[in-house]
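If you're matching them up, the sequences are chains A and B in order.
Using my numbering, the first residue of the first sequence is number 27, and each one after it goes up by one.
Using my numbering, the first residue of the second sequence is number 536, and each one after it goes up by one.
Hints were generated in silico from the structure; no laboratory data involved.
Note that CB positions come from ideal geometry on N, CA and C, so glycine has one too.
It is possible that some hints are incorrect.
Claimed, not checked - Across the chosen pairs, the derived CB separations fall in these ranges:
1. GLY573/B / SER52/A: 39 to 49 Å
2. PHE708/B / ASP61/A: 18 to 28 Å
3. ILE717/B / ALA80/A: 34 to 44 Å
4. GLY720/B / ASP61/A: 30 to 40 Å
Stated by the list, open to error - Footprint (simulated), chain A over chain B, 3 or more residues, beta carbon under 8 Å:
5. 615-629
6. 669-680
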Amino acid sequence: MIRTIVVAGYLLIVAGMVVSEVIARSRPQSFAPVDDMLDNIMTNRTARIGMLAAWWWFGWHFIFAQTIDPLGD
Amino acid sequence: MASKAGLRGLTVTARWTVSVTLWTIVLAIMSGFQLWRGAYVDGILFTLVTLLLIVDTLTGRRIKLLRSPLVAPRWVIAVVVGVLGLILMVAPRHGLIDLVTMVVIGVAVFILGWAPARERTPLPRAAYRRSAITWAVLGVALCLWEALMFILASVMPAQESDFPTISVLLDPFLEWLPGKIIFIGLWLIAGLALLRVWTKR
Chain A
27 MIRTIVVAGY LLIVAGMVVS EVIARSRPQS FAPVDDMLDN IMTNRTARIG
77 MLAAWWWFGW HFIFAQTIDP LGD
Chain B
536 MASKAGLRGL TVTARWTVSV TLWTIVLAIM SGFQLWRGAY VDGILFTLVT
586 LLLIVDTLTG RRIKLLRSPL VAPRWVIAVV VGVLGLILMV APRHGLIDLV
636 TMVVIGVAVF ILGWAPARER TPLPRAAYRR SAITWAVLGV ALCLWEALMF
686 ILASVMPAQE SDFPTISVLL DPFLEWLPGK IIFIGLWLIA GLALLRVWTK
736 R
């Protein structure tokens, strides 16, 4: 039961992202689509390096690093 | 503190704006969280990047890694990314080849991302602000939910499976070869999109 609520929490946030993007695509003049928004904020070096660092770390974490403890302790 | 300088058609703005301050705080929190959870390599890397960005901001964006932006034909970019993706897909997870490939990608992306980007303002500022706030709220919510599950699983190890982190949920998918290929493909495409290699030059 608790696990279901936790997974539902993740899915709710992802659904929020999808809905935001659908709304943005339908009225870009009042709500910028995510690619335009990223284009805009990434003109700043700190934001750009921050976004790229987060992206790289996501790959590093899942591809190379040990994401879960294989011994379970 | 604010300074602004033109550089061959590129605008370099170096000041402690709200955006710069918030991003610096986010990176500092990320560094602290990684160190706290015992991922020392991740924590040290984020700390170094954060410190470098702070110094760069304080010195008016004077740190340069390249004399001029790297320009490569799209087919070269596609081939390089394709080869790196293939290596990651074929190599065993958590192995030495993965480590070297990830370091190569990280260094290359860091150098390419450091170069100034062109200013773009095709949409109203309010549209950007609404979108940025919405995505920031959603991103922070995801990070907080994930961190909460990590903490709950740590303090209640007997109920660890009740509080899965994203890593726990995605790990079985990545152990499945087609899942690993899909993940690496999407991850590399996202990286290309963030670097704006198809539109910037």
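Structure-based check of all given hints:
1. Here the CB-CB span from GLY573/B to SER52/A is close to 45 Å, well matched to the stated 39 to 49 Å.
2. The hinted window of 18 to 28 Å between PHE708/B and ASP61/A holds, with their beta carbons roughly 26 Å apart.
3. The supplied range of 34 to 44 Å is broken by ILE717/B and ALA80/A, whose beta-carbon atoms lie about 20 Å from each other.
4. Take GLY720/B and ASP61/A: their Cβ atoms lie about 18 Å apart, and the range 30 to 40 Å is violated.
5. Counting residues of the region 615-629 of chain B whose beta carbon lies closer than 8 Å to any beta carbon of chain A gives 3, which reaches the threshold of three, so the coverage claim holds.
6. A count of 6 residues in the region 669-680 of chain B with a Cβ less than 8 Å from any Cβ of chain A is obtained; the coverage claim is therefore met, three being the minimum.
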